[in-house]
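Here are the chains, one letter per residue:
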Amino acid sequence: GAGVSQSPSNKVTEKGKDVELRCDPISGHTALYWYRQRLGQGLEFLIYFQGNSAPDKSGLPSDRFSAERTGESVSTLTIQRTQQEDSAVYLCASSPGTGYTEAFFGQGTRLTVV
Amino acid sequence: DQQVKQNSPSLSVQEGRISILNCDYTNSMFDYFLWYKKYPAEGPTFLISISSIKDKNEDGRFTVFLNKSAKHLSLHIVPSQPGDSAVYFCAARASGNTGKLIFGQGTTLQVKP
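Residue numbers (this note's numbering), protein chains in the order written: chain W, 13 to 126; chain B, 736 to 848.
Chain W with its partners taken away, still in its complex shape:
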C-alpha cells in the first residue's frame, strides 16, 4: 500500500471488553512497531516485529496486551479486559528493515475505554 494503514481510526469500548487493533504496513517492510501515546505524553514503545517474530516485547504494559503478525504483513494488537488507563492513541509504524533509521507511521487508532 501507499502508506501504513490502521483500523479502526476510532474505537470506544466498555471497560472489561476486549479490543483488536489492526495495522497494515507498507508493502515489503519487514520491521513493524507498535507505539502508544497517552494524552499529553510522548510515544511509548510497545512491541517490535521483524518478519513474523517479535524479538522485543519489552514495552507491553501487562499480560492483557498481546500482538501478532502474519504473512510478514498485517499485525493485530489485542487488549483484553480493557481498563480506562488503556485509553490512548495506538500508533503502528513500519520500516524496510532493522538497519533503517526512519520509521513510517500510520494515522493511529484512538481508543477510548468508558
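For the record, the hints were derived by calculation from the structure and aren't laboratory data.
Hints may be right or wrong, so weigh each one.
Claimed, not checked - Quick list of the computed label-pair ranges, beta carbon to beta carbon:
#1 PRO108/W / GLU750/B: 33 to 43 Å
#2 GLY15/W / LYS791/B: 27 to 37 Å
#3 ASN792/B / LYS29/W: 37 to 47 Å
Here the structure is a predicted model, which is why all the values come from computation and not from measurement.
Note that the Cβ used here is the ideal one computed from N, Cα and C, for glycine as well.
Given the coordinates of chain W, assemble chain B onto it according to the supplied hints.
Chain B only, in chain W's frame:
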C-alpha cells in the same frame, strides 16, 4: 526513566523568525537521533535525522545540531512558516540496531502569521 526529554511543552514564534526546539537525552549508546512532526489526527512524519558521529545535518529550512558532550540536540527551523505549526517529537534510536525509537514528550510549535 525518561531517556529522551523535551523540557518545553510549547513554543510560539512569529512567521519568518527562527524556531529552536530542544531535546536532551541520557543514554550515550544512542546512535541516531530523529525529529518527527505531528499534525492533529495524523501519525508522526519523519522530518530530519542525524547520526551520532556528526554534529550537524541540514535539509532546506531545517537543521539539526547534536552536542554529544552535553547530550543535547536541537532543531532549528528558519524561516518559520505558519504551516510548521505542529507537535515536534525528538526520538533516539536504541542500541542493538532493532530500529526501536525512544521518543520525547513533544513540543507544540505555533508559528503566528
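Comparing the hints with the structure gives:
1. Taking the beta carbon of each, PRO108/W and GLU750/B are about 36 Å apart, inside 33 to 43 Å as hinted.
2. At about 30 Å, the beta-carbon gap between GLY15/W and LYS791/B stays in the expected band of 27 to 37 Å.
3. Hint check: ASN792/B to LYS29/W, Cβ distance near 46 Å, so the stated range 37 to 47 Å holds.
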